[in-house]
Structures are given as structure tokens and as C-alpha cells.
Amino acid sequence: MPRAKARAFPALLGALLLAGCTSAPAPRAAEAAPAPAAVPEIRPGVPAGYLTAAAIPDSLALVPAPPAAGSAALAQDHAVMKAALALRGTPRFQQATQDADLDFPFAAGTFACALGVGLDAQHTPATVRLLQRTLMDAAISTRAAKERYQRTRPFVENAAPTCTPNDEAALRGNGSYPSGHVAIGWTWALVLSQVAPERTDALLARGRNFGESRLVCNVHWQSDMLQGRFMASGTFARLQADPVFRADVAAATRELADARAQGLPPGRDCAAEAAALAQPLQGAL
Numbered sequence: 001m002p003r004a005k006a007r008a009f010p011a012l013l014g015a016l017l018l019a020g021c022t023s024a025p026a027p028r029a030a031e032a033a034p035a036p037a038a039v040p041e042i043r044p045g046v047p048a049g050y051l052t053a054a055a056i057p058d059s060l061a062l063v064p065a066p067p068a069a070g071s072a073a074l075a076q077d078h079a080v081m082k083a084a085l086a087l088r089g090t091p092r093f094q095q096a097t098q099d100a101d102l103d104f105p106f107a108a109g110t111f112a113c114a115l116g117v118g119l120d121a122q123h124t125p126a127t128v129r130l131l132q133r134t135l136m137d138a139a140i141s142t143r144a145a146k147e148r149y150q151r152t153r154p155f156v157e158n159a160a161p162t163c164t165p166n167d168e169a170a171l172r173g174n175g176s177y178p179s180g181h182v183a184i185g186w187t188w189a190l191v192l193s194q195v196a197p198e199r200t201d202a203l204l205a206r207g208r209n210f211g212e213s214r215l216v217c218n219v220h221w222q223s224d225m226l227q228g229r230f231m232a233s234g235t236f237a238r239l240q241a242d243p244v245f246r247a248d249v250a251a252a253t254r255e256l257a258d259a260r261a262q263g264l265p266p267g268r269d270c271a272a273e274a275a276a277l278a279q280p281l282q283g284a285l
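Residue numbers (my numbering): 1 to 285.
Hints were generated in silico from the structure; no laboratory data involved. Careful: at least some of the hints might be erroneous.
Listed next, with one range per pair, are the computed distances between beta-carbon atoms [what the hints assert, rightly or not]:
(1) 58 <-> 285: 37 to 45 angstroms
(2) 253 <-> 106: 22 to 30 angstroms
(3) 121 <-> 198: 17 to 25 angstroms
(4) 172 <-> 44: 26 to 34 angstroms
(5) 78 <-> 258: 45 to 53 angstroms
All of these numbers come straight from a predicted model, not from anything done at the bench. Glycine residues also receive a C-beta, built at the ideal position from the N, C-alpha and C atoms.
Please take these sequences and the hints and turn them into a complete structure.
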């Protein structure tokens with residue numbers, strides 16, 4: 001069943017704004033994974049990202065302005081919005097509610113079915129650390145454009161419910177473009193494909209429908225989603241130059257292989273997830 005309360009992305013972004021963007025010092029040997037105690041935190045229990053502020057791609061410099069009134073792109077946004085609204089009350093809408101939740105430990109299992117193995121801090125600590133830290137990098141990558149454009153979200157325009165009603169007040173004051181949730185989900189899909197390349201197709205498909213969940217949730221436009229993916233790709237590329245990130249990727253690769261050999265179950269209802277995600281979002285790119 002979906003969780004009753006999903007963590008509001010604006011609250012997460014607020015924590016990032018207060019903390020800034022830091023990076024752990026590089027270890028003397030790049031191949032040696034840093035101990036969890038060495039990971040910097042933006043507040044207790046919330047690890048910082050890998051990248052310094054200067055290393056994170058600048059969304060304001062990289063993404064175009066949101067679609068203009070009367071444009072074909074805005075018409076496409078509205079067409080997909082209408083298709084997404086038709087999925088309210090379906091299992092796909094319930095899946096979107098789960099996908100909205102960025103809280104750990106729950107969020108660690110978002111890609112468990114696509115990986116075919118469970119993820120938790122006890123059995124796969126390096127992988128969970130990868131997800132937590134890259135979440136921060138991806139979220140910050142969307143910040144500048146969000147602040148500049150302050151795009152209104154679909155639910156404000158159409159007055160229809162979202163999948164996270166308790167977050168609506170905060171979302172009204174948080175720019176829609178580009179999508180931070182989508183940037184996070186696509187970054188996770190790319191990072192996990194690096195860790196488990198044999199699962200690439202399933203992971204990328206899950207990353208795509210994780211992003212589409214934001215449309216089903218009625219909190220983002222399709223163009224928000226597309227530019228969120230773009231910023232994720234830039235963030236993932238920049239992460240490759242970070243030695244601490246590379247060390248965590250190596251550690252996660254080893255521990256996922258061990259977890260799979262031990263038969264660690266995904267810990268999610270993978271059949272229900274697959275059935276929900278089989279419901280297509282008409283017109284989505």
C-alpha cells in the first residue's frame with residue numbers, strides 16, 4: 001500500500017538551500033570507498049551530495065525558458081496533463097503516490113524490483129549511500145531554473161487533486177520547471193545502471209516511469225519532466241570525475257552482486273508495481 005505521507009520536495013530543497021552544496025574530501029586512494037562516518041551531512045542523518053557547488057551543472061544556463069503561451073510545446077503539455085488526469089483512482093495513480101516519497105529508508109526500494117534485489121542500509125550500505133548522496137546532487141542541479149522561472153504547477157491551473165494533498169501548499173510556492181523529482185529518479189536510474197549494467201533496460205524503464213509519475217501526480221508538466229531528465233544526465237556525467245563517487249560505485253557493484261547471490265528479496269510487491277506501470281500515459285515523451 002502507498003505511504004500516507006510523501007516527503008515534500010520543497011522541504012528537501014529548503015534543506016539544500018540552507019546547507020549549500022559540499023563534497024567529501026577525496027580519499028588518498030580513489031578506489032577505496034570512504035567509511036560512512038566520513039560522509040558529510042547537511043543535517044543529522046541526511047548526507048550531503050558528492051559534488052561541490054561549482055561542479056554541479058547550472059540549469060539556468062542549460063535549459064530553455066518554459067514553453068511560451070500559444071506554443072506547440074505548451075499545447076503538448078496540456079494534452080499530456082489531460083491524459084494524466086484520466087489515471088486518477090487507478091493503480092497507476094497509487095504508484096505515483098509511492099514514487100513521490102523521497103524519504104529513506106522507503107525510497108531506497110524504489111528501484112528494487114528493477115534491480116531484482118532488495119536495498120537497505122544493513123545489506124547494501126554503499127548502494128543506499130549512492131542513492132542518498134546523488135539525490136542531493138540531482139536536486140540542486142534544478143535549483144537555479146526553478147527559482148528564476150517559478151512556473152505554476154498543473155494542479156494550481158486545473159484545480160484537480162494531486163497524489164500528495166498534504167504537500168500542495170508547499171508546492172504552490174515552489175517552481176515546477178524543471179522537475180527535481182524527475183532529475184533525482186533519472187540520476188538514480190543512470191547510477192544504478194552503472195552499478196548493475198546487466199539490469200540497464202529494466203532500470204532505465206523504471207527511471208522513465210518514475211518521472212512520468214510526476215505527471216500522473218498532477219504536480220508537473222511534461223516539459224518539466226523532460227528538462228529534469230536533461231539535468232540528471234548532466235549531473236551523472238559530472239559525477240564520473242568525482243573519486244568518492246567512483247569508489248562508492250565500485251563498492252555498490254560488489255555488494256549488489258553479494259546480495260543477489262544471497263537471494264535478498266526486493267521487499268516490494270513487484271507484481272503490483274508491474275501491473276500499475278503497465279497502464280500507459282498517453283502522449284508522454
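Hints, one by one, checked against the model:
Checking the proposed 37 to 45 angstroms range against residue 58 and residue 285 shows it is violated: the Cβ atoms sit about 24 angstroms from each other. Against the hinted window of 22 to 30 angstroms, the Cβ-Cβ separation of residue 253 and residue 106 comes to about 24 angstroms, which satisfies the hint. At roughly 24 angstroms, the beta-carbon separation of residue 121 and residue 198 lies within the given 17 to 25 angstroms, and the hint holds. The given range of 26 to 34 angstroms is respected by residue 172 and residue 44, whose C-beta atoms sit roughly 29 angstroms from each other.
In this structure the hint that residue 78 and residue 258 lie 45 to 53 angstroms apart at CB holds, the actual value being about 48 angstroms.
Comparing the model with each earlier hint shows a violation of hint 1 alone; every other hint is respected.
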